[in-house]
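Guided by the hints, dock chain L onto chain G, whose structure is given.
For the protein sequence lines, the chains are G and L, in the order given.
The first sequence lines up with residues 1 to 443 when you count with the working numbering.
The second sequence lines up with residues 444 to 731 when you count with the working numbering.
I should point out that these hints are in silico values taken from the structure, not numbers from a laboratory.
Where hints are given, some of them may not hold.
Stated by the list, open to error - Pairs of lysine-lysine residues, derived as PhoX-like cross-links and limited to a Cα-Cα distance of at most 20 Å, are as follows: (1) L:K540 with L:K529; (2) G:K234 with G:K16; (3) L:K693 with L:K670; (4) L:K653 with G:K81; (5) L:K653 with G:K80; (6) G:K194 with G:K153; (7) L:K659 with G:K93; (8) G:K357 with L:K559; (9) G:K361 with L:K559; (10) G:K93 with L:K653.
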Amino acid sequence: MLKTFKKGGVHPPENKLSSGKPIEVLPPPASVFIPVAQHIGAPATPVVSRGDTVKVGQIIAKSSSFVSTNIHSSVSGKVKKVDFQADSSGYPKQGVFIDVAGDEWIDEIDRSDELKKEFELSGEEIVRKIQDAGIVGLGGATFPTHVKLVPPKGMKADVLLINGVECEPYLTSDHRLMLEKTEEILVGTQLLMKALNVEKAVIGIENNKPDAIQLLTEKSKTYQGISVVALKVKYPQGGEKQLINAVTGREVPSGGLPIAVGAVVSNVGTAFAVYEGIQKNKPLFERVVTITGKAVSSPSNLLVRVGTPTSVLIEAAGGLPENSGKVISGGPMMGRAIASLDVPVTKGTSGILLMEKEQSKRKEYIACIRCSRCVSVCPIGLEPYLLMTLSEKQIFDQSEDAKIMDCIECGSCSYTCPSNRPLLDYIRFGKGKVGQIIRSRKK
Amino acid sequence: MSITVIYTVATLSVIGTSAAVILYFVARKFNVYEDPRIDEVEQNLPAANCGGCGYAGCRAFAEACVKANDLSDLDCPVGGNETMNKVAEILGLEAVKKDARVAFIRCNGTCDHRPKTNIYDGATTCAIASSVYSGETDCQWGCLGYGDCYDACDFDAIELRADLGVPRIIDDMCVACGACVEACPKDLIELRKKFPKDRKVVVACRNQDKGGVARKACAVACIGCSKCEKECKFDAITIENNLAFIDSDKCKLCRKCAPVCPTNAIIEENFPPRKIKVEEKEECNTAK
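One chain only, chain G, in its complex shape (with noise of 0.2 Å):
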């Protein structure tokens, strides 16, 4: 009998299109837009200003403070303006702007694809490395790495989840990096370990991946402490709350984090970057982006520059089919429909997915029929009907007694309605307000 997370979750259509495709690297395109705020937390600081040339590799904004990061360019050549421009949302973001000559790299980094298994850091060392090379949770939230690994005061991690889960439909990054990138995963999960300075590490890996728990299970006999987990399929298994669930049976408190429970959670991708980062000098400014979609000609796995427009990609898996109705950045269930084609790949883009007029189309809502499949389905074990009510009657009081706080934000909920409810555009909502009313209250 498989692990997986006790209560709700949906099975949506894998449609893993990408699987078997290699990660190719897409070459820089001729100029990169990039955001300073990509992570969660305060945007940084540009430190480069027009007419500036700059190498890859080289900071281009500085960390404001603890919860933000560094960001890196991607690419070389000369800063163009920074400026403003519009994000997956329509609302302009500050960020640079650089137009792209040559492919310089900054000396420190080594570029060598020699694995190179050995380190001599302290946990401290490891951690302020991580900070420098602007290293943020690779899963989707780009929480920044070197926060999680500073537990607050009193609290001991016991264990490291690394998440190589993947539940969203389509995406397919994380599994070829499984594949391709094993060792690397390894060593970048022992330098996690050490900067934790826990003994013990989990990779949790749904059964749909099969050539990928076998790959890390055998290699991982050489690594103390590490094991590996097949899980049943389930989504959404790759929330933080669920993965820790599923592997150790633990349930992280309303409103607490992981590391209540004596966990943490990684991204595989955030373990590689990491592995880069602290072994090859090398910052995060270019990640694994899956690029999908029924009618893509060539759906693939390219390693591509953050700033990269998503029209470069586009064009990259063969142009944009004739009947697209939607361009989603991320994957089918959490991933958010951009406005433009100009918006840039960020850390935490996983994935573009290039949906078909008919299937992205929102189907007509009607009136909730209280079937409750809603409430099954929650992987909280919230009622999101409930909530979605109180959103739309802007009861506020009531929705935070109703723990909408807590709401992952998975979407299984609007997955599974019958009546095409739009439940998480008013969870969402109402969360936003509800946070805004909490934090009013502390000052």
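Quick look at chain L alone, frame taken from chain G:
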């Protein structure tokens, strides 16, 4: 039989009398004095309970009026000066004459003026749409058209215009309670001074982008060129964040600013047609 009746009547009378006596003293002891003028004031209020005065309802406003020493900070926008005069009479205070106000939606980004660049198909309320996306056009400041203001209006003073894509205020119905101002997530609605015959000269734009960007997104966007500011003799126009604003309290409706606006962002409504360009004006009026 008769004795039973007498006993019953007597017992009940005794209980009744003693309860009455107890209640009398309890009522005296715990008496809450309420100014009778509160009721009187409340009766003269419109009973709309809209909250436009800033209080929880007409009763709360009446209480505030009775407590107040002067009425300069208190105003019932629904009742206007007439109501406030009555209230002042009851309380023996001086009513402060205030200009009537009317709401105005400062966006003229109709379907013709603002090309759509993307399609949003999520939950159709402005509050949610604006928290997720900037809107279906390139203008992130303009009206989304899902009608949160329409839902907020208790007086049927807002009509949704599917043909325009932006709602319109019906001036005759508007009482300037400010509910729509609160409801609009883009902060488009302003309560402006109400002029005779509902005349108005107003910058119908909130776009704070630089001129080029604004103009590209919308044909009638204010580009902050400050031509109107130079034209105005009454200092009614200020430019801030690439955006002109006409202060309705200073505006004298001279209409000098509207013709100089290169993008027609300044709207003049309910005026007799100008002598020049008569044809164009007539066309515009029939469209309304």
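Each hint tested on the structure:
no. : hint               : in the structure
1   : L:K540 with L:K529 : holds, 12 Å
2   : G:K234 with G:K16  : holds, 14 Å
3   : L:K693 with L:K670 : holds, 18 Å
4   : L:K653 with G:K81  : holds, 16 Å
5   : L:K653 with G:K80  : holds, 18 Å
6   : G:K194 with G:K153 : holds, 18 Å
7   : L:K659 with G:K93  : holds, 19 Å
8   : G:K357 with L:K559 : holds, 17 Å
9   : G:K361 with L:K559 : holds, 18 Å
10  : G:K93 with L:K653  : holds, 15 Å
The earlier numbered hints are all upheld by this structure, with none contradicted.
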